[in-house]
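Given next are the chains, with one letter for each unit.
Number of protein chains: 2
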Amino acid sequence: MVDRPIDTRERDVIARIERARARPRAFRDPLITTAHGAGGKATRHLVESLLVPTLAGGTLAALDDCGRVRIGEVALAMTTDSFVVRPLRFPGGSIGELAVNGTVNDLAMAGAAPLAMTLSLVLEEGLDSEVLRAEIAAVAAAARAAGVEIVSGDTKVVGRGQADGMYLCTTGIGLIDPRAALDPGGARAGDRILVSGSIAEHGIAVMLARGEFELGAAVESDTCSLWPAVAALLDACPQGLRTLRDPTRGGVASVLNELAAASQTAMVAHEDLIPVARAVGGACELLGIDPMYVACEGRLVAIVAPDAAAAALAALRGVPGCEGSCEIGVVEAEPRAMALVETSFGSRRVMDMLVGDPLPRIC
Amino acid sequence: MVDRPIDTRERDVIARIERARARPRAFRDPLITTAHGAGGKATRHLVESLLVPTLAGGTLAALDDCGRVRIGEVALAMTTDSFVVRPLRFPGGSIGELAVNGTVNDLAMAGAAPLAMTLSLVLEEGLDSEVLRAEIAAVAAAARAAGVEIVSGDTKVVGRGQADGMYLCTTGIGLIDPRAALDPGGARAGDRILVSGSIAEHGIAVMLARGEFELGAAVESDTCSLWPAVAALLDACPQGLRTLRDPTRGGVASVLNELAAASQTAMVAHEDLIPVARAVGGACELLGIDPMYVACEGRLVAIVAPDAAAAALAALRGVPGCEGSCEIGVVEAEPRAMALVETSFGSRRVMDMLVGDPLPRIC
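Listed in order, the protein sequences are those of chains A and B.
Here numbering that gives the first Met the number 0 is used: the first residue of the first sequence is 0, the next is one more, and so on.
Here numbering that gives the first Met the number 0 is used: the first residue of the second sequence is 0, the next is one more, and so on.
Source of the hints: derived by calculation from the structure; they are not laboratory data.
Careful: at least some of the hints might be erroneous.
[Claimed, not checked] Straight-line distance between alpha carbons at most 20 Å, and here's what the computed DMTMM-like set of lysine to aspartate or glutamate pairs gives:
1) A:LYS40 <-> A:GLU322
2) B:LYS40 <-> B:ASP28
3) B:LYS40 <-> B:ASP351
4) A:LYS40 <-> B:GLU124
5) A:LYS40 <-> B:GLU123
6) A:LYS40 <-> A:ASP289
7) B:LYS40 <-> A:GLU123
8) B:LYS40 <-> B:GLU17
9) A:LYS40 <-> A:ASP28
10) B:LYS40 <-> A:GLU124
11) B:LYS40 <-> B:GLU219
12) A:LYS40 <-> A:GLU17
[Claimed, not checked] Non-contacting residues of chain B with respect to chain A, defined by C-beta distances greater than 12 Å in every case (computed):
13) ARG24
14) LEU272
15) LEU285
A virtual CB, placed ideally from N, CA and C, is assigned to each residue, including glycine.
Extracted from the complex, chain A is given alone in its bound form:
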C-alpha cells in the first residue's frame, strides 16, 4: 500500500477538523449528556478539560486506559470501569461477564497479565435476587476463565428508580510484562494495523437485545478476555509490537483516532479489509450506523512494525476466538493525527471521532 492523494473535499474536511481541534478546550458544557459517556469527542473533552487537569498526576495525564504504578522492581497496571449496560443480559454475555472482561482487557492492552480484581455493586432496591445471583455467577465464571481473583468487594443499595437494576464497577491490577514496550504514540509510517476478529458485534448484540428494532438478526457479543491474545503477541513479536487498544465505546474508528493523535500519524483502514459479519453489517445499515464506530468487547487493535506483521497475525490466529484476525490497513505519515478509510474505488474519507452517542449504555 502506498500513500494515495486526498481530494480537495477531504482536504477541506481535514482543515475544518484541525481548526476545531486547535480551539481552546475549557470545559463549558453546562449539563452532562449521554455523549459525555459515549467514548467520543464529548468524553474526551470532559476528560481532557475537566477531569485530568483537576486530578492531574503523572500517569493519569497519559490518558491511557490504565494507570501505571511502580513499587520497587514491580511494575503494575491499574484500571477501573463502571458497567451500566442495558439490558443486563444479551446474546453472548451479560453485565457480570462484561465487567470482568472489560477490566481484564484494559490491563491486557497495557501489556499486563491480570492479577487481582475488585467488584463493587450498586443495586436498585427491589432487584430480583435471582438476577443478582446470575450476575455474581457470571462474574465468577469470567474471572475463572481469565485467571484473575476477585479479592475485595462492596455493596450499596439505592432506592427504587435511583439505578437501573444494577451497576457494577470493577478495578483490576496486573503485572506489566517486561517484554511489553507499548506506547500509544509508538506508531510509525509503514506500520500495519491489525484487528483480532470481526468488529461491532458487542454493540449490535446489545442494541438488538433491547428489542427496540424490528430486526431478527442473530448477533452475539464478542465479550472475552484478551490476555491470551496479548500473551501470544508478546511471545511472537515483542519488538515489533508498537501499541494495543481494545475498541470498546466509540469502536475501531475512535481507537484509530486516538492512536493517530498520539503518534501524529495517519491511520488508514481499507474498507474491503475490515471484517464485519453479514448480520452485523445488515443491522448497521438498517440502523444507519457505521460499524467502525460500534463497540467490541473481545477484540483488539494492534499496531505492529511491517516486518512483524506476519508473525503477529499468525500468533493471533492461533488463539481461540482470534482465528479471524486480519490486517485492515497501514500507518502513513500524512495527514497527521487523522484516521481515514479508503474505499475499494481508492477514494478516502476522514473518520473523525463522534460527538454524540449513537448507542447509549452498551457497556
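Given chain A, work out where chain B should sit, using these hints.
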C-alpha cells in the same frame, strides 16, 4: 474493669441470637432491599451466603474490607467502595471527599499506606457540570491531603432518572506496613477498645443535611484520612496493636460485633466512656437512633493489648483530628461473639447487628 454478671433477660437475648446465628445461611431473600446495603445483618447475610461462596477466593473469604495481594516481596492491600450518598454535599464534606477518604481508610485499617487510586464515575444525564466540577475538585483535594495519586478513571453516563446525580467508585491499593500484624480475630480477653474521637457525626450530618427533620443542630461530618493515625499507632506500639476497623455503615456497634465474632470474645463498651458530641446525642435521641449504630467516616476503632493502651492513646491524641481519642471498653472472654454495652448503673445489654437500614445512603 472486671467481668460483671449478665442478668437473666440478657442471657435469654444471647441465647436467641446464638440460635438465630446457628441457622443455615442459604440466601433466600427474594428481592434486594436497602437493608442489604446498610452494613448490618442483611448485608452480612448477602455477602456470606451469596457473594463470597460464588466468588470464593482465599483473600475474599476473609470478609475483610481489603483484599491482600502478594507479588514477590511486595504485600499489597486492595479495596473498593461505591459512594451513593445523598445529598452530594453536606456539612463537613461531600461525595468526592468521602470517596477518597473511605477508600484510603479501608487501606489504613489493613495497615497499608495508600499508594494509588482509581476513580470511576456514573453520572446522570442532565447533571449540572458545576456540580461535577466541584466534586472532581473535592476528589483532588482529598487525594492530595491523603497523599494518594489518582492513576486511572472511567466515566459512564446513564439516562435521566437512572441515577441520583452521580455515583462514584474508588479503588485503592496500598503497601502493607511490615510492622502491621493486624488480625480481625486477634482480640484477647483483657485487651482495650479505643476510638479515635467522638462518634456518629458523619451519619447525623448527612441525615440533617437532607432537611427531612426539623432539627437545627450544627453537626459536621468527620470525614478525613485515617492513615496518619494508623502510622502513629504503628510507630508507637506495633506489637500491641491487634486489629483496626473504621466504623462506617453500621457504626461502632457493628464493628464490635464483627470483631467479637472473628475473635470469639465479648466486646464490652462502657456507655459513659463513649464520646458523643452533645448536638449528635440530641439529634440521635430525637431521631430514635442509638449513636453506636451511626456511621463515622474519619474515626477508627483499635483493639490494643492492655500494656499498649497508654502508648496507643498518647500516639492517637497527637494526630490532628484524633485529639478526642479515648478508651471505651474492654475485651472479655464471655459471652463469646457478642458486643455489649454496660450502663452507668452496671447493667449490661447486648448490641446485636441491625437488620434494617435506619440511615439509608449515608456513604
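Hints, one by one, checked against the model:
For a cut-off of 20 Å, the pair hint linking LYS40 (chain A) to GLU322 (chain A) is broken: about 32 Å separates their Cα positions. Simply put, LYS40 (chain B) and ASP28 (chain B) have alpha-carbon atoms about 13 Å apart, close enough for the 20 Å limit, and the pair holds. Taking the CA atoms of LYS40 (chain B) and ASP351 (chain B), the gap is about 9 Å. The hint holds against a cut of 20 Å. A distance of roughly 17 Å separates the Cα atoms of LYS40 (chain A) and GLU124 (chain B); the hinted pair therefore holds under the 20 Å criterion.
Between the alpha carbons of LYS40 (chain A) and GLU123 (chain B) the distance comes to roughly 18 Å, so the proposed pair stays at or under 20 Å and holds. For the proposed pair LYS40 (chain A) and ASP289 (chain A), the alpha carbon gap of about 16 Å is at most 20 Å, so the pair holds. Between LYS40 (chain B) and GLU123 (chain A), the direct Cα distance comes to roughly 18 Å. Compliance with the 20 Å bound is thereby established for this hinted pair. A distance of roughly 14 Å separates the Cα atoms of LYS40 (chain B) and GLU17 (chain B); the hinted pair therefore holds under the 20 Å criterion.
Proposed proximity of LYS40 (chain A) and ASP28 (chain A) is supported: the alpha carbons are some 13 Å apart, at most 20 Å. About 17 Å separates the Cα atoms of LYS40 (chain B) and GLU124 (chain A), which keeps this hinted pair within 20 Å; it holds. Under the criterion of a C-alpha separation no larger than 20 Å, the hint pairing LYS40 (chain B) with GLU219 (chain B) is inconsistent with the structure, at around 28 Å. Restraint check: the Cα-Cα separation between LYS40 (chain A) and GLU17 (chain A) comes to about 14 Å, which is no more than 20 Å; the hinted pair holds.
Non-interface status of ARG24 (chain B) relative to chain A is upheld: no Cβ of that chain comes within 12 Å, the nearest being about 14 Å off. A cut-off of 12 Å between C-beta atoms confirms that LEU272 (chain B) is not in contact with chain A; the least separation is 31 Å. For LEU285 (chain B), the requirement that its beta carbon stay farther than 12 Å from each beta carbon of chain A is met, with the minimum near 23 Å.
Consistency with the previously given hints fails for numbers 1, 11, ordered from lowest to highest.
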